[in-house]
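Given next are the chains, with one letter for each unit.
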Amino acid sequence: MHPAASLILFSTLSGAGFGLLALIGAGLARTTGWAGLAEAALAFALAIAGLAASTFHLGRPERALKAFREWRSSWLSREAWLAAATLSIMAITTLIRLAGLPALPLGLVGSALALATVAATAMIYAQLRTVPRWNHWTTPAIFLGHALTAGTLLAGHRLPAAILLAALAVAQFAAWHAGDRRTGATTRESATGLGPRVRPFEAPHTSDNYLTREMVFVVARKHRVRLRSIGLVLAYLAPLACLAIPPAPLALPLAALLHIGGTLIVRWLFFADAEHTVALYYR
Amino acid sequence: MTDLPETRSTKKLGLVIDLDTCVGCHACVVACKAWNTENYGAALADTDAHGAAPSGAFVNRIHSYEVTGDGAPRIVHFPKSCLHCEDAPCVTVCPTGASYKRAEDGIVLVNEDQCIGCGLCAWACPYGAREQDPVAKVMKKCTLCVDRIDNENLPEADRIPACVRTCPSKARHFGDLGDPDSHVSQLVEARGGMDLAPEQGTRPVNKYLPPRPKEDEIDVLAPLLAPVAEEPKGWLGWLDRALDRLG
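Note that the protein sequences, when read in sequence, are chains S and D. Quick note: to get the working numbering, add 153 to the position in the first sequence (first position is 1). Quick note: to get the working numbering, add 1389 to the position in the second sequence (first position is 1).
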């Protein structure tokens, strides 16, 4: 699949933002005073920046609000509702807390909504039977893992972040490994109904088209192993090393920055690695 | 409403495509592009049409495949457009309700005014039947030429999709696949019409008729022809033997 910059930025930044909001909501981050305000501002900035980036993926961004309509059947629509609900509830929660009042019950609701938003984002991909690599429960699991890990790093919890980073590294490695073997039931023979052996002889067109640009993306697979190694080091091992350094003021921010930077590469691979059944008609 | 229609009529309009008679001329592609550029919805646009890298939106495309295994290898031309699936995954993923399946005849359509161009329906389709228009930035797909089949201003012979009307080898057929007595259902019955990628669970309405098996004999008259001389005689024979002797 085509690794669109807008979707990579969206899922990475919003994921981190909603992950941090989940922690703030549950009272697991600084929630009062200037520190609390700064933490909430960072979470909102990340979530909203990601959502703004996602609109650049739309052909007609001026119609984006129409996406709220079909929440009954569409995961994309559900995601829009959950994101809006999370941001509203968490804004109220933050204001109450900054005023010095307790808001844990509302915060817990916001926290659950934040995680549901990340899960809904992942379900947009996981629901697609046409992309066997995504069509699996590991997709939401990995998205939620990234959101919680980034949130914990940004909230400044050293030991829990280290544990999450190590667990996520193992989980991502396992998900890649399992994804490599999941090719789906559709073959070129079943897709064309011809056989016993079918090979493309001539494409329908001389240059590329929307389908080949969007769904028959092949560049990444050549560098798959190298990119995965870089992703593993940057997203999980380097931040882990930062956290192992004795307490220094910059260790946690640096670890968070490395993790989010690495997540961009991992997310790039999430798209670039994934093969769509329509590629069977072309290659 | 992007749920699939709950109550449907028994009418299932669709195409039956004969892979045995398609000659790969692409006339249907041109007819489709022409009709859908001048009529229903946004024009099917091209980018750099006369330049070095022309590209554009088409909702009907012809692949060609080499099929090997049983007997002589053969080339099969393979027209591909929207299959108007009964369980269309492109419809349910749509966040705005722009993508819908028409209850009265099962045609899958896009309300272009409501399309935000997110592309999720194209991702959900296993067949590559939907393409985003490079200029209008909305999703385009086969409409079975709704503006022809319902159009009482056209002569009756023209009230069929443009691709079917134009096909010079009669490889494309249009009709009601929900009616077992229709000519398309009869064709499917007689020729073993098949679904593409049935394991995707989409239940396509369009059916493909498999290529008929080729006969082993190259020419029915071949046995009557005089056999070719196997041992050359005369001057050619001498030359053949002389050249052999040279090693």
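Hints listed in this document are in silico derivations from the structure and should not be mistaken for laboratory results. What you are looking at is a predicted structure, and each value in this text was computed from that prediction instead of being measured. Hints may contain errors.
[To be verified] In silico EDC-like links for lysine to aspartate or glutamate, alpha-carbon gap of 20 Å or less:
no.	chain 1	residue 1	chain 2	residue 2
1	D	1526	S	215
2	D	1559	D	1541
3	S	219	D	1501
4	D	1603	S	342
5	S	219	D	1545
6	D	1526	D	1501
7	D	1526	S	367
8	D	1559	D	1578
9	S	219	D	1502
10	D	1526	S	361
[Said to hold, decoys possible] Short, incomplete list of chain D residues facing chain S, as computed with Cβ under 7 Å:
no.	residue
11	1464
12	1583
13	1624
Yeah, the Cβ is synthetic: ideal placement off N, Cα and C, and Gly gets one too.
Checked hints:
no.: 1; hint: D:1526 <-> S:215; verdict: holds, 12 Å
no.: 2; hint: D:1559 <-> D:1541; verdict: violated, 24 Å
no.: 3; hint: S:219 <-> D:1501; verdict: holds, 12 Å
no.: 4; hint: D:1603 <-> S:342; verdict: holds, 19 Å
no.: 5; hint: S:219 <-> D:1545; verdict: violated, 39 Å
no.: 6; hint: D:1526 <-> D:1501; verdict: holds, 10 Å
no.: 7; hint: D:1526 <-> S:367; verdict: holds, 14 Å
no.: 8; hint: D:1559 <-> D:1578; verdict: holds, 18 Å
no.: 9; hint: S:219 <-> D:1502; verdict: holds, 10 Å
no.: 10; hint: D:1526 <-> S:361; verdict: holds, 17 Å
no.: 11; hint: 1464; verdict: holds, 6 Å
no.: 12; hint: 1583; verdict: holds, 5 Å
no.: 13; hint: 1624; verdict: violated, 44 Å
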